[in-house]
Each structure stands twice: as structure tokens, then as C-alpha cells.
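Chemist: If you want the building blocks of each chain, they are given just below.
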Amino acid sequence: MIQIQDVSKSFKGDFAVQNLNLEVKKGEILGLLGANGAGKSTTINMLLGFLNPDSGNVYINEIDTSTNAHDTRKLIGYIPENVNLYPYLTGLENLDYFCKLAGLNYTKDELENYLSTCSLSSDAHHKKVSGYSKGMRQKVGIAIAYAKKAKVYLLDEPASGLDPLASNELSTLLQKLASEGASILMASHDIFRVREVCNRIGILKKGILVKELNSKDVSANELETLYLQFMQN
Amino acid sequence: MFQIIKNEWRFLVRSRIFLGITIAFSAIMLLSIFLGNYQIKKQEQTYQNAKDHVRQQWVSIDEMNPHSAAHYGTYVFKPSNLLSSLDEGVNNVTGNVLRVEGHVQNEIIHSEASQMQAVSRFGKLKPSLLLQYIVPLLLIFLAFNSVSNEKQSGRLKLLVLQGAKPIQLIFAKTLSVWLYGILLLTFIMTAYALFNSQNLSTDIVIRTGLFFSTYSLYYFIICGLTVFFSARWQNATVALTSMLGIWIIWTMFIPNILMSSAEKWYALPSRNEFQSAMTEDRSKGLDGHNPTDKRSIELKEKVLKEYGVDSVSQLPINFDGMRMQADEDYGNSVWDKHFGNNRAILKQQKQSFQLGGIVNPFISLQNTSMGFMASDNLHHQAFLLQVENYRRVFIKMLNDKQIFGGSKTGNWSWKEDNAFFKSVPDFEYKPTQISEVLSNYMLDILLMILWSILVIILIVYGTKKIKII
Amino acid sequence: MRSLKTFLFEWKHFVGSPFKILAVLLFIIASMYGLHNGADLYHKQNAEIERINEEVETKKATILSYFKNNEKGPSEHPWVDITTPFWAIYNTPTYHFKNPSPTLVYNIGQTEQYGFYKLITTSSSGYDADMTKEIANPERIQSGTLDFSFVILFLLPLLLLVLLYNIKGQESEHGFLPLIFVQTGSKNWWLLSRTAFYTVLLLIVIFGLMVYGAMLTKVFVADTMFWNLLLWVTLYLFFWITLYFLILKYGKNTVSNTLQMVGVWLLFAFIIPATVQQWIAIEKPTNLMVDLIDVSRDKKSEINAQPIAVIDAQLFQLYPALKETKVAKDTIIVQKVRGYSSEALINLEIKKATQSIEADNRIKNELISKTYWYNPITYFQNKLNQLTHTDYKDYEAFRNNIRKSVDTRIKMMVFDTWNDITIDKEKYLEYNSTLPNNAYY
Numbered sequence: 001m002i003q004i005q006d007v008s009k010s011f012k013g014d015f016a017v018q019n020l021n022l023e024v025k026k027g028e029i030l031g032l033l034g035a036n037g038a039g040k041s042t043t044i045n046m047l048l049g050f051l052n053p054d055s056g057n058v059y060i061n062e063i064d065t066s067t068n069a070h071d072t073r074k075l076i077g078y079i080p081e082n083v084n085l086y087p088y089l090t091g092l093e094n095l096d097y098f099c100k101l102a103g104l105n106y107t108k109d110e111l112e113n114y115l116s117t118c119s120l121s122s123d124a125h126h127k128k129v130s131g132y133s134k135g136m137r138q139k140v141g142i143a144i145a146y147a148k149k150a151k152v153y154l155l156d157e158p159a160s161g162l163d164p165l166a167s168n169e170l171s172t173l174l175q176k177l178a179s180e181g182a183s184i185l186m187a188s189h190d191i192f193r194v195r196e197v198c199n200r201i202g203i204l205k206k207g208i209l210v211k212e213l214n215s216k217d218v219s220a221n222e223l224e225t226l227y228l229q230f231m232q233n
Numbered sequence: 001m002f003q004i005i006k007n008e009w010r011f012l013v014r015s016r017i018f019l020g021i022t023i024a025f026s027a028i029m030l031l032s033i034f035l036g037n038y039q040i041k042k043q044e045q046t047y048q049n050a051k052d053h054v055r056q057q058w059v060s061i062d063e064m065n066p067h068s069a070a071h072y073g074t075y076v077f078k079p080s081n082l083l084s085s086l087d088e089g090v091n092n093v094t095g096n097v098l099r100v101e102g103h104v105q106n107e108i109i110h111s112e113a114s115q116m117q118a119v120s121r122f123g124k125l126k127p128s129l130l131l132q133y134i135v136p137l138l139l140i141f142l143a144f145n146s147v148s149n150e151k152q153s154g155r156l157k158l159l160v161l162q163g164a165k166p167i168q169l170i171f172a173k174t175l176s177v178w179l180y181g182i183l184l185l186t187f188i189m190t191a192y193a194l195f196n197s198q199n200l201s202t203d204i205v206i207r208t209g210l211f212f213s214t215y216s217l218y219y220f221i222i223c224g225l226t227v228f229f230s231a232r233w234q235n236a237t238v239a240l241t242s243m244l245g246i247w248i249i250w251t252m253f254i255p256n257i258l259m260s261s262a263e264k265w266y267a268l269p270s271r272n273e274f275q276s277a278m279t280e281d282r283s284k285g286l287d288g289h290n291p292t293d294k295r296s297i298e299l300k301e302k303v304l305k306e307y308g309v310d311s312v313s314q315l316p317i318n319f320d321g322m323r324m325q326a327d328e329d330y331g332n333s334v335w336d337k338h339f340g341n342n343r344a345i346l347k348q349q350k351q352s353f354q355l356g357g358i359v360n361p362f363i364s365l366q367n368t369s370m371g372f373m374a375s376d377n378l379h380h381q382a383f384l385l386q387v388e389n390y391r392r393v394f395i396k397m398l399n400d401k402q403i404f405g406g407s408k409t410g411n412w413s414w415k416e417d418n419a420f421f422k423s424v425p426d427f428e429y430k431p432t433q434i435s436e437v438l439s440n441y442m443l444d445i446l447l448m449i450l451w452s453i454l455v456i457i458l459i460v461y462g463t464k465k466i467k468i469i
Numbered sequence: 001m002r003s004l005k006t007f008l009f010e011w012k013h014f015v016g017s018p019f020k021i022l023a024v025l026l027f028i029i030a031s032m033y034g035l036h037n038g039a040d041l042y043h044k045q046n047a048e049i050e051r052i053n054e055e056v057e058t059k060k061a062t063i064l065s066y067f068k069n070n071e072k073g074p075s076e077h078p079w080v081d082i083t084t085p086f087w088a089i090y091n092t093p094t095y096h097f098k099n100p101s102p103t104l105v106y107n108i109g110q111t112e113q114y115g116f117y118k119l120i121t122t123s124s125s126g127y128d129a130d131m132t133k134e135i136a137n138p139e140r141i142q143s144g145t146l147d148f149s150f151v152i153l154f155l156l157p158l159l160l161l162v163l164l165y166n167i168k169g170q171e172s173e174h175g176f177l178p179l180i181f182v183q184t185g186s187k188n189w190w191l192l193s194r195t196a197f198y199t200v201l202l203l204i205v206i207f208g209l210m211v212y213g214a215m216l217t218k219v220f221v222a223d224t225m226f227w228n229l230l231l232w233v234t235l236y237l238f239f240w241i242t243l244y245f246l247i248l249k250y251g252k253n254t255v256s257n258t259l260q261m262v263g264v265w266l267l268f269a270f271i272i273p274a275t276v277q278q279w280i281a282i283e284k285p286t287n288l289m290v291d292l293i294d295v296s297r298d299k300k301s302e303i304n305a306q307p308i309a310v311i312d313a314q315l316f317q318l319y320p321a322l323k324e325t326k327v328a329k330d331t332i333i334v335q336k337v338r339g340y341s342s343e344a345l346i347n348l349e350i351k352k353a354t355q356s357i358e359a360d361n362r363i364k365n366e367l368i369s370k371t372y373w374y375n376p377i378t379y380f381q382n383k384l385n386q387l388t389h390t391d392y393k394d395y396e397a398f399r400n401n402i403r404k405s406v407d408t409r410i411k412m413m414v415f416d417t418w419n420d421i422t423i424d425k426e427k428y429l430e431y432n433s434t435l436p437n438n439a440y441y
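Read top to bottom, the protein sequences are chains L, P and A. In case it helps, my numbering puts the first sequence at residues 1 to 233. In case it helps, my numbering puts the second sequence at residues 1 to 469. In case it helps, my numbering puts the third sequence at residues 1 to 441.
These aren't lab readings, by the way, just hints derived from the structure by calculation. Take every hint as true, because none was put in to throw you off.
Here are the in silico distance ranges between beta carbons for each label pair:
1) L:Asn52 - P:Ser435: 54 to 60 Å
2) P:Leu438 - L:Asn52: 48 to 54 Å
3) P:Trp412 - A:Lys60: 32 to 38 Å
4) P:Ile28 - A:His13: 35 to 41 Å
5) A:Leu179 - L:Asn61: 44 to 50 Å
6) P:Ser435 - A:Trp227: 56 to 62 Å
7) L:Asp163 - P:Asn149: 26 to 32 Å
8) P:Leu438 - L:Lys149: 52 to 58 Å
9) P:Leu450 - A:Leu235: 44 to 50 Å
Derived contacts from chain A toward chain P, CB cut-off under 7 Å, selection only:
10) Ala129
11) Ile141
12) Val276
13) Thr286
14) Gln381
Stretches of chain P that chain L covers, calculated by requiring three or more beta carbons in the stretch to come under 8 Å of a beta carbon on chain L:
15) 11–23
16) 154–161
Since the model is a prediction, treat every value here as computed from it, not as a measurement. Backbone N, C-alpha and C define an ideal beta-carbon position, used for all residues, glycine too.
Isolated chain L (complex conformation):
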């Protein structure tokens, strides 16, 4: 579970995040919408424990990230916009390496299974990542988090640059992870994808959560209109 309570963070006097309150429950997917510089990445970095809030608290499964980053990181799976893996390793080797860093020793079959679960076709498992598409790398990235048995998934613009098919596969995969009990926070510009995948949606503007709503309550077009209204005001 993700809890963000009255969090503010500023850089050189400018607020990146201001009095932010958010909660993502088990099995829930929260989409954070916002323009560039709205505070999405800062929020994710605070959840990852790479930034400490100036005020307020950030919890992962009720553990404070600013004081126990090492413990909370064990629970987190992180998928950045570009999952840059080691190009000279195969998908399987990359997964193996990242798992071992986390102290997890899986058999080859288990690793293959994780990759397959994350929709990476089996013929790609043994190919070098240098030949992978962005979507394939995203899948390996999710497999890394999945193999870690992450309780929380943080995704920073995961669908950016993906073709529609890959984007769709990603949506399915995230919903599957949520159904298995993961809490997922996804920062994105993609209004339609967020509307489709997430249970709840938050709109960030200049570090302030200006709107929070259930995705079921709005259509994609309504969401876009709402978003544009907030951005233009």
C-alpha cells in the first residue's frame, strides 16, 4: 500500500510537490496525470526513497521511506520510461542479474517463467537486449519487479513511445499484477491509457493535486476536457 501524507518538496525555493495526499490500496492502480514539471517524477522519487520530503510522510506498506528506504525498496518494483538494460546480456541474463542483486536465486526455468508471465515471447528470452524493442525491454523491467515479488509498482511514463499493441499488452499486464494484490502508481501524460488501466486518477498541477476521481466516473473525452481545463487555468 502507498500512502503520501501532507508531503511537500521544493527545489531552490520552488515547490515541486505541495501538501500532497495520496493513497493507493492493495490491488489498486492510481494514475497520476500532469504536464512536465507537475511533480510526478518527484513524487515517484520520494516513494523510491531517493528524495526525502521537506515535510509530511511517505509510506510503503506503512514503512516510512525517508527513514527506512532500504526496507521499503525491497517492496518496490520500478519501471522507468526507458528500461535501459545491459545490451550485451540476454533478457534472461538481465533478469538473472537483477534478481541476484536483490539476493534472489532462481533457476533458469523459474526465470523463463517470469519472463513468459510478463508476456515476453520465449524466443526472445535468449536474445541480447541490444536487439529488443522498447516494449520488450519494458516487459523485462516488469519481470524484474515481478520476480522480486514487489508489493508496490511505480511506473514513470511506462507507455511513452510504445506502439499501440505493446501499450495494450502493458495495460493487461498491469491489471493482472493489480489483481494479484499489487498497489500500482503510474505517472503518465497518456490520458486515454490512464483512463483505461487505472482505478483512480489524480491530476497534478505545479505540485498540487488539483483533482482526484474514479476512472469509472468519467469517459476518456470527459477526462481530457477536465485535464485541459485544469492545465489552462
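Following the hints, position chains P and A against chain L.
Modeler: Positioned in the frame of chain L, the structure of chains P and A alone reads:
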């Protein structure tokens, strides 16, 4: 940490460019060992031929007056050393031939560098050239983007999230590149051992072991610093250019500037000044060839008194020889004073240069490299001193023969036979004990250890400030 | 016009990079240090020459005082008789100097491998112990003095590398290289204009440094040396500019370009010259001068042990005019005459031995010359050595002059001895003017 090192090595092994460079470089190293050995052996042959030739001339003297033989003298050639096929140090610029004769201590002459036009400013293609200048560059190229690449690609976040600590990451990256340097070093030492398997002695093994250790330390410093820069700077190009700058300053600027400055701080006399001072001091002593010299006469009186006779013709010994030896003894003390002064100045210069290791570990590496490979100035000076000691024994033997061999004063036509000349021992070079070498270079080793610790401290404290995002 | 704009705009790139400015400053500091090192050596050698000249004058005055006081020499050396040609010539102090060229300020070259002054006697040769280098720390000589030529030959390519390494690569990495090509129309002109900026910048810096160097010694007095040197340094700069330009033209990114530039530099500065030197040492190991040793011992003894008639015959063959001398005509056999005269025969043998040594060295030099086409730094290095008179050949010429001087000295001694000339003050002064100190560049 092991996983990170393993992964780094997987990259090295799978990179075709890197493999190509490694193969090409190994070939050059092998060539340097082979050519170095071949050249030393060829030079050794020339040395042996010259030595035998001169010795043959000496032992072929049928009969000669011992003092004439002291003027005839002999020659000592600087022996080539198999260790110098790894690092030739000063051997290219020092002389190789030293005339050993009575009354005078000659300079060693005929250096290799004076026998042709200039070619290489950094010496021959010896392993030390590659290990000192090129391998560190290779290590810099391998390490400069090791962390910055992780940062720029955003992978560093992922790695930290997976549980890798930045400090572990940086140490692992340092160690993996360092291990590559060690591998090259091991390769070169193994090749050297194989080429010289029949000549390996405990001394050589210890010396090469120390050689290996100091290079290992230097490589650690280079790798650690490069990885540290890679972690601290925002992009790889800045890390690369910073390290290239350090490499240039360490290897090109500081050694040259410091050595030139040390020679100015502790100035040696010019040869003319040195010789004039020697001549002046010597003129205050006894002239062995001049029976009318005041000090000669004094010595004569003393000897006559000792033997209780009135004239030198009554002496049971040859006074000429005694006068010659007295001349030698005085000359030796003059030489000890002046040459000792030069040695002291050279030592001061060396010590100042060694202290340069505080700001530049390359200086410590250069010092220890030639020191352990017996090709530094200390070994050269030790050789000159051994030759001088030999000269003294050699001349004394001849003078003693003149004094006590049965001839009378003034009998210059008296000659010794071949058996005597054969009995005069040839010069045998005794290599400097490793314990002595080690004590001379303890400061350099210590400074390199301190540098390694400094690098570790830099990594430990510096990485705390590394921005992961 | 567009190229001119690009050229001028490069100034902004340059001043915007503290790293590049620092590199240029370091280069200037190193150059000035190098120039001062060269100038110091120049002044030191000149001072030493002056000191020796003064010593010579003192020695001459001492000998002249013997003539004035009707003495035959120093009282403690009763065997010396300055009224005989042998002792008069023996006491005629003659030094030959390899005068330092004012251009030593730019390039020390091989200066420190050899002696630069030589006391000439009837038994001198160009390979005597006093022809070796000055007393110096061999570790310093081995690591080489940081002179201006070192800065030019080895650090200039590195400076150029620092100035050029990110041209094109930086634009490519930030993704606007195609934009530049579209805007400029010709990528070669764009690249050339930017490279030309640094060429001009370095030419100005080098010219300024060389003028500064010229102020430390009297370079402009010495013909066109300054301009010749400037020309060769410029050519050397263009050599590296061309290489780096090609790397930039065909290169893809900054790191790969830097690697290639460093690679080329390592190849030309280290690997090739070092391999060539190693190869020459194998082809022609260091000469231990056994031939010369044989002359100074066995040959000398053999000559002196020959019957008088044989020595005479050999001397007459060497100097046919000797038959016309007083001693020869009067057939007065004076042992000492022959004793001293045999120096001429020994000198002949020394010359034969040194000729074979010089021939050996010449082969080495020819081998070096053959590598010039793929060993450019050595080529430029030796070219600078030649221009600044610090090359092996300059010292070979110095040795040849010494040999000629020894020949003249011996001939004079032999003829005056055989003519049974008694030396007085005037004759001694004549010796001094015929056998003066000589200086060569």
C-alpha cells in the same frame, strides 16, 4: 559485489572491440617481452665478448713491470641485466665502458644514446613502457563511463532499488577494471617467466614480485580514481577528460618538471669544476711519479727510519712502489670526498623526486619499477662504486708486487711474469641486495599505499554524495 | 561567409569551456618552463665556456712567465722543458667547444648526451672520457628535460585533442547535428572552419611563445633560424590537424573520436619510436669500443716496440716532407724524438678505429631515417635537432673538428721536433695563435 564484478566481466568478454584491443595489446606485450629479451641477450653476448677479449689481453701479458701494468690497466663493461628487459631505466643514457688504471678514476663512457640520433623519447619498447603509460590509459578508457553510464541510462536507480549499494557498485566496478589490469600484468610476468625459465633465481622472483605489487597498487589508484570521477561527474565525457588530464599531468608534466627542478635545487658541479677541484685537492697530496716532491721525500725519510737504513738502495723493498701506493691512497681519499659529495647530491635529488610521489603516484611507480628491475641510478652508482673498489684492490695488488716482489728502488726494468698477471682477479659484478633496494624505495611503496587508501576514502565518502537521480 | 561566421563563432565555444581554456593555459605554462630550461642550459654552457677560456688565459700567462723568467717549467716537474716543441705544444692550452646555438632555448635535443668542450692534446680523440656528457643525474636525462620541443612534439597533439575532441560528437549526442548540416549546407566546411579556428589560435600561441623564447637568448641574431623553426613547428601542427580532422570527419561520437585520437597519439609518440629503438638495439647492439681499447693498449705498445727504422719509415709515409727535416737529414738518432713522434702513428690507428665506430653509428642513423615515413614524431624531432644544432650529426662534426685539430697539433709537434726547433716566447705565442680555442655550432 561478486555479481557486479561478474557482470562487468561479462561485458568485457562479450565486447568485440574490447576483445580486439586485448588481443592486439597482448600481442604487443608479448612482442615487447620477446624483443626485450632478445636484445638483452644479444647485448650480453657483446658484453661477454668484450669482457673476455680484455681479460685475455690481461692474462696474456708475458712479462711487465707491475706499475706499467697499472698504467696498461683494464676495462670494465657495464653488464646487461635480464631484469632490464622489463624496465631498462637509466641504462640507455649511462655509459658502458670504464677504464681501470693507476692514479686516476675514469668516468664511465660510451652510452647507447650517444651512438645514434634520437629515436624514442620514452625509451625502447619494454614492458615497462606499456605498463606505465599505456595500460593505465586502457584502464581509464574501460572505467570512465562505468558508473556515469549507469546514471545516464537510469539503470543506477534500478540497481539501487534491487538492493545494490552505491559504494558496493563503485568498488565492484573499480575491482573489475583493476582485475583486468592485473590480468595484463600477470600475462606479462608469466611470459617473462617462460622466456627466462632457466635463469630465474630467488632474487629475480622477489624483484618481479615487488614489481608486480607496485604496478597493482598504481592500477588500483587509477581505476579507483576513474570510477570515482565516473560516479561524481554528471557525464562520462567529463570523467574521461578529467582522467586524461590527470594522466597527462602525472606522466608528462610532473616527472619532468620535478626532476629538472630537483637538479636545480641540488646542483651537481660541472665536470670541469669537479675535475679542477679534484686536481687541486690532489696537488696537495703526494705525487707518485715525482721523487723530488716534498711529500715524497717526507715519506722516504719515514720509511728509511722504519727500516733503519740511510738510502733507498739499502731498502729490502722497492720504495717506488710504496710511493705509488701512497699516491693512490691519497688520491682515493680525494675521490671519496668529491665523488661522495656528488653521490650525496644525487641522493638529495632522488629524495626530493621521491617526495613528488605525494602528489603523483606515477613518480613512485617509475622509481620502484626501475629500482626493482635493477636499472635505476642507485644500482648504477653501486656498480661504479664496485668498480672503484675493484680498481683499488687491483692497483694495490700491482703496487704491492712492485714493493715486495723482490725489485729494488729505481729498477723500473724489473718485470713480473705471466703467472702473476693471471693471478690478478677479474672484476665480478655483485648485484645489489634486494633488502637494500627495498629500503631505498620504502617511501615510494608507502606513498602508493597511502594513495590507495586515499582513493578508498574518496570512494567511501565521495559516493555518499552521489546523486542517483 | 558562412564559414567565416562558423570560424568566429568558435570563439564562443572556446571561452565557454573552462577545461579547454585550462588546457591552453597549462600548455603555455609548460612551454614557458621549457623555454626557460633551454635558455638556462644555453647560459650555463656559455658560462662554462667563458670560465674555461679564462682558465686557458691563466694557463698561458703561467707558461709565458716561465719564458720570462728563463725557466723550463714548474719546479715540481723537473722533466718538463717548455723550450722543446713537445712540452711547448703540450702546454699550449687548446679547447674545442660545441657552442650552444641560441636556438637551444627551443630544443635541447641530444645536447645532454655529449660533452660540449674538449681539451685538445696530441693523444686526444673524439671518444675520450671528457667527451661524455656533463655530470648529471641519469634518471633526469632518461626522463628527458621538459623543453619547448617536448611540449611541441608531445603535448601539442594532446592540446589539440582537448580542443577538438567534442567537435561534431557533442552535436551528434545532443541530436542536432542534422540541423547543423541542414543549416550550413556543407558539413566539411563547417568542420574545417571550426578546426581552422583552433589552428589559428595555436599558431598565435606558438608564435607568441617562440618570440618570448627569442627574448631569452639571441635567436634573431642567428640568421633565419627562428623562421625555419616556426615553419617546421607549423608543419607539425598541420600534420596533427589533418589527422584529427580526418578522425572527426569520419568519427561518430565524442568518446570514440577521443579514443581514436589518443590511439593515434600513442602509436606515434610511444609505440612506433619505442619499437624502432628496440629494433635498432637488436640490429646494432651498443658498441663497447673494443677497437678503440685495442688501439690505446695493444696497438700503442706494438707501435712503440717497433724497430726505429720501421717507425721512421711509417712516419715518412705519413709525412713525406719529414725527410727534409734537420733530424732526418742529420740522421741524429734521438730516442725521444721518436717517442713523441709515434703519437702520430697512434693517432692514425685511433682514426681508423673511430672511423669504423662512426660508420657503425651511421648505419644506425640510416636505419632510423628509413623509418621516418611511418615514424613522424622521430622525423620532426630530428629535424628540430638539426635546426637547433643539437643533433647527433652536429656532435659528429664536433668530433671531426677535434680530430682535425689533433692532426694539426701532432703534425706541428712532429715537424718542429724533427727540425730541432727551440721554443721561445714568440714561438710559443705562435703556437697559441695557430692552435687556438675553437668554437662550433
